[in-house]
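Colleague: Residues per chain, in single letters:
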Amino acid sequence: MNDSLRLLHAEWTKFRTVRGWVVALTAAALVTVSLGLLSASGDHASCDRDGRPADCPPPAVGPDGEQVDDKFFFVHRRLTGDGSITARLTSMTGRIRKPDVVPRVRNEIAGVVPWAKAGVMIKASMTQGSAYAAVLMTGEHGVRMQHDFLHDVAGRPGGVSERSPRWLRLVRSGDTLTGYESADGTRWTRISTATLSGLPATVEAGLFATSPGDLTVTPADLGGHIAAARFTEATGEFDQVALAGTLSGGWRDDEVGAQYLNGQVHHPGRSARSGETFSVTGVGDIAPAVEGMTVERPLSGVLMGLLLVIVVAVMFGTAEYRHGLIRTTLLAGPRRGRALTAKAVALGLVTFAVALPAIAITVTAGGQILRANGNAVLPVPVLTQMRVVAGVAAVLALTAVLALALGVLLRRSVAAVLTTVLVVLVPHMLATTSVLPEAAGQWLLRLTPAAGFAVRQSIPEYPHVLWHYTPIAGFYPLPPWGGLAVLAGYTVLALGLAIHRLRGRDA
Amino acid sequence: MRSTIEVKGLRKRFGRTVALDGMSFTVEPGEVTGFVGPNGAGKSTTMRVILGLDAPDEGSALVGGVPYRTLRRPLTHVGALLDAAALQPGRTARNHLLWLAHSQGLDGRRVDEVLDQVGLRSAARRRAGGFSLGMRQRLGIAAALLGDPPVLMLDEPANGLDPQGIVWMRGLLRSLAGEGRALLVSSHLMSELEDSADHLVVVGNGRVIADTSVTDLIAAASGGRCTVRTTASPAAVSALGRAGATVTVADAGTLVVSGLPAERIVAVLTADAVPFSEVAAHRATLEEAYLALTSEAVEYR
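Chains A and B, in that order, give the protein sequences. Start counting the first sequence at 1; every next residue gets the next number (my numbering). Start counting the second sequence at 1001; every next residue gets the next number (my numbering).
Not everything, but these chain A residues come out facing chain B in the computed CB check (under 7 Å): (1) Val-18; (2) His-323; (3) Gly-324; (4) Leu-325; (5) Arg-327; (6) Ala-507.
In case anyone wonders, no lab produced these hints; they're calculated from the structure. Backbone N, C-alpha and C fix where the C-beta goes; we use that ideal spot for every residue, glycine too.
Excised from the complex, chain A in its bound form (with noise of 0.2 Å):
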């Protein structure tokens, strides 16, 4: 065995023979468990049904598992087999409600929302969350083509009118589907491919729009700010439709995701046809969700734990000035560096090996918790739920490392444990209160070291998604590693001080 892997087993032996260290430990984990599962037991949810409440439908989910709005109308007719779909799109329009003037009166205005969709579609099936290609225009972000709610790539910017039509096509072939777009009609550019594996033989295609909600951001009386997506709709104006391959059937209309309101569909789409021109309006979104419960909402209970954490790692390096313990410590282990290190590394891996289980069971029993209390919870990849139970874990490791080292720097508890307190703690709290502007909240969350908390984000920000993408809503500034990586930064940077301390001093 090693100098180093002796030290860290003497560092081990340390910890756990100084009971008030492994109950204070032990307690963390308890307190970031029974927190987190009072938290989810609160949550609730029902909808209602003819009057009464009911269990929610499930929501749609895309075909790589991940909850999504899809809801649009499409005039569509089934094409079987390799084909395409070509259209020219000579305006696109929509209205958006803003808040009423006069009480009770709609106040409705003319105008299209960034995202709103309008195009040329192939889809798998008529059911919600199926898959599908789409070259489609914008509100603003000229065309792109899109598949399977999580896929965007742009094609030309720029809007669209009479003078400047813009020509979509699809074309299907096997699984592969290309998306091109033209000025003209003539000279066409490809914009991208998806493929679509599985896509069945029979598939939808057709003219599509839809509208998600006009986010309007106010700020609130008390701080912070309130979002409101109110109800908008889009409509494209359609001509030299032209489908290729083998059709069945004519054209039909559909509302995609219809929402029921006292048996009427709530604010419906509609088609119009006059000879060769089509006009579709569609209310509603094609988008991977971003708003609902996350898998890391019970998690609410670290912020306390991770205060236990922060005092035992603190006590663990002032123990040995309180007691002058550390000469001892330094005549076992006479390279000081090394010593500290093994203190730190020691100490690391059991606040992990103590909050893995913790987090993992809070994460595991509290999404159980509040799926059996009707709510949805936003699914996400099992490598990412793994991602939030270990990163937390070891946003809890590395605090209490930084806490240890500012220990050794600081040589006192109580000074130490507030310094800690205060730059991981109190960014992250005064970021996800209302306390202040959001932009010094997400700067907080970028340079501090409470940057680390990203990693328990595990709905990502999507550029094509318009949504009001804050802290309190549980998005960060920085990536999941990208953040946590911060974090580490400081605990090296503030381990390498403590340690250049302790070599430049007797002891």
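Since the structure of chain A is provided, determine the placement of chain B on it from the hints.
Modeller: Then chain B, alone, in the frame of chain A:
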């Protein structure tokens, strides 16, 4: 590796205070070397420098020929007792030794052996925070013995020990030296070392005042003086003076004579028919020898 401690020309200042001022000495194996001097003479600082805890401004300190910081499993080379109070109060005595043992790749069996050796077996599973000073001292000695090291350094090991404990400590030191180990044992009380040290390094003001065997030191401090008890002091003074001795009157019936060996004193007094009851060669105590040596050092502080 030869079991020695070699200290050469150590100098160290703490601010404006000179703690070590050219400290040099060597500790040989098979001997107990007493490290004596008044408080503040630099004993603890020297020990900390030897153990790599403090860095000297100048000079070197080697253990078995190498600096302490380069040792692998250092506690198997050098055992040290510096501050017996340096304990986590909530940890048991056995667990305190256990983490130390683990740091050196040793296991619980060795811990139980040293606990037996220092007589702490029955208190092994008690929290060290409740230990008396004497028990802490024994625990500190157990820690020093843990790695079965050929070199031992004990700072004031007799602190807080009861008389029984002091006797035990003397026996332990003698037997450890008898096994060929090199021992450096510091004390500010010379009397504590009277029956255990073979060699003395006497320090004051951060340097060595005397580096000598205990036998030589006592002989030198005795200075060939004799004590004479007589009821006829004036006659004795004049007779011995004529014979070339220097005589001082210690009290009414006691003279301290130097310059003549005891048998000549007896001859002179007998020849002049001066009555006397006792002529004794004066043997200085270690304490006196030490005080004689250090008084100068103390004066110049």
